[in-house]
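Top line first, the protein sequences correspond to chains A and B. In this text, residue positions in the first sequence follow my numbering: the first is 1, and each later residue adds one. In this text, residue positions in the second sequence follow my numbering: the first is 1, and each later residue adds one.
By construction, these hints were calculated from the structure, which means they are not laboratory data. Remember, it's a predicted structure, so these values are computed and weren't measured experimentally. Careful: at least some of the hints might be erroneous.
List time: in silico DSSO-like cross-link candidates among lysine-lysine, alpha-carbon distance up to 27 Å [stated by the list, open to error]: (1) 355/B <-> 129/A; (2) 249/B <-> 442/B; (3) 76/A <-> 449/B; (4) 129/A <-> 379/B; (5) 361/B <-> 329/B; (6) 76/A <-> 329/B; (7) 449/B <-> 129/A; (8) 129/A <-> 424/B; (9) 329/B <-> 315/B; (10) 424/B <-> 379/B; (11) 442/B <-> 76/A; (12) 379/B <-> 237/B; (13) 315/B <-> 353/B; (14) 60/A <-> 76/A.
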Amino acid sequence: MRWNRLAVAAIALAGLQFAAAASPLATALPVHQHKYAMGTVFDIVAYADSPERASSAIEKAFEEIVRLDEVMSNFKPGSDLSRLNRGAHFQVENVVPDLYRVVAESLPYSQMSAGKFDITVGPLSGLWKAALRGGPVPSAAQLARLEPCVGYTKIRMVPPRGIEFLSPCLQIDLGAIGKGYAVDRAVEILKAQGIRCALVNAGGSTIYGMGSPPGQAGWAVTLRDPSHRVGARASLHNNAISTSEQTAASLLESKRAGHIVDPRTGQPVDTTLAVSVLAENATAADALSTTLLLVGPGKGRQLVAKTTRTAAIWISPEGQAITASSGPQFYLQAARTLSRGGSR
Amino acid sequence: MKITRWTLALVVAFVLFAAPSWGRVLLRWTQPAVPAREVLGLDSLVIPGGPNEAVVAARARQLGYRVYLEVPLPRGSAISDTVAAQGVSGIILEPGEATQVQAEAAAAKMRLSHPGLLVLVVDRTAKEPQMRGHSIVSNDGVLEASSPTEQPWLDCNLALVRYDAILHPAQVPLYQFDWELPEPLQRREGPSAGAYALAAAEAGAFHADVILNVREDLQTRLARGEVGALVFWARVKPYLQFAQSSPAKLQPQADIGVVADSGYDWFEPANLMARHNIPFRILTPAELSGGALHGLNLLVTFAAPDHDAVAAVAKFASRGGTAVLVNAKGMYPWHSARPIRSNEAVADYAVGKGKVIELLKAVDDPDTFASDIRRLMDKSVPLISLWNALTTIAVPYKKPNSADLVVELVNYAQDALPVQVRVKGTFSSIRYESPEDGCCRKLQARPEKGSTEFVVPRLATAGRVYLSAGPDEKHQGTTVPSP
């Protein structure tokens, strides 16, 4: 009986090993390519039964990312978003489905954060980006003048494809969600090409792991850690991670600036924390990481608790880590972790 | 006899006045078979020392190549007697464990004892030029992604080239790197044609010389004339030719000085300054008290200043310059006044028409430091500014005794993109040349507050812009196909 059990176990193990060895991916080499788009470097790593097939699928995914850049860029005058920003003050503008979808997907995060996450913050962040490039710090009067231009409630969605602005100076900037959306669409393209195992990485800030590499439980991701002491990692398996962090403070100048602006105060968010968010898809991870940086760990933990399959970690330059989770976990090598609400 | 002397004199004059007597891209050739020069598209090979050295060198010479022997530093002095007899064009000293300073000293000694022999020192600390992705393969073979920054990360050799120009004043900076092939598929297939092209483009843009390692199997296949190898190399050749076609005798332009000492605290900040398109030149501490500060608006010193250097910094600031002292620890004359601003990290002092900024610690975030320098630079009229160019390095050069500029561009993303450029000065004629489209396409100039703006419509890997204040030149406005 004992022999039989061992035999069954051995046969089962051998069967598993045989199945793993028989999988064409077990011996496949990863194909890794990168491309500059949306102001950052997109990496795609894919396994397939042949490098040529993986390479062809990656090329198609990159084509999709480049296409979406032409849709969502607010730097390119000819992009669909630029056209929307020029025309939606006057009438309902019918837009391409991707633009409608990404705007629609952004609005729940604005509602959830009571307006802290807001794709209409562009005019304010534009002023602060100019300050970052050496321009003057925006005055209170300048910021006050922009107040009527900002507010997600001034966007009217007119299904199935229409968008209208209810403010004459409103502008949409998809910088806090667009890369995540592009990652998700690239993942769809890879799946359509038969790829089951891939990593899609938008500049290190938003990453989706499809399946897992041969012999691994998931795609290992090292998280941004301003302290270099926490050693936080995550393992991606059909989910995504995104990281947000305010622009580093100037070493030589005292003025305060930053690219992530609180739309309700008009000021750059004053934090040195880096926040990483695990979520089911890259759009959600991207939007949530900005949201959770803006709201901070206090309210952030409450928001995470209301979501599913989401986790967040805030790491300080001093090495303090604060986590929250409604499912997935981070791996911390060495940390002083403060956690509540079911987190590690 | 008389004719022979004249002929000899003509040959000597030709050699003396010709453009640099060696190519900017050299291939390191290790295989016995050597293809014709037309196949490789260049005329200089580096032959490493070894049993085949004499045979390969002789074969390459027969095919018309300039041949350089690569010699490890300890062997250098011993080999030089025989090298001239072999008819090679020169030797390249490979420092090995020695420093560049030690290698330069050895080279100088060899040049003295063998005046007819060209002796060059190669810097092997260069990196493969590339725009890095963010996914990496860790030691145990697991693919990881880390998230240091969203900005594209460029491995660029400009800071190294600028420093080597100081260390090796008798030669054009010469560097070499090992290809980075971290993943199994890359190791199997070797560097791509794009990687070779980018390496050539970078050396060309920086007016430096690079030795490229060519995979042994590719060397053999090129020598055999295999179609696949020839097609592969045909994608590289336009960039080799473009890199070597830059006008001679141009001076790199800079309005920022970086005072470097023998330590390397300055290197990474300078490296990041290069990536932020901040045109700088490296100065030694001794140069501070000379006339080397002329034409500079900003001075960043990483070397602890001595008495003379402090006086030079004060004089520079009093005339309107901004001096940044990194890791400043001393007592300086400007401390007699109250600082404009002071905290635990930084102190600013007004000095005459300018100011001195003391950073009270070493630079722990080179990227933020470079951004700060860029902001300080942008308060005046900067020499050059770029937009939509996170993956592009631009290097301005000036023709001697002329206001004309040449701007060399290299795009590490290697994907065609429009790049908006603003250069200090007024230029009426702007022409653009590239390996893909040849010379030259006229660009629209737009004057802007003491500067001239233009847009390069399609920068793929390399490009060159000629700016002139004078009337249009002959080919302006036409597009001449690549050779």
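key: Violations among the numbered hints, reported as their numbers in ascending order   = 6, 12
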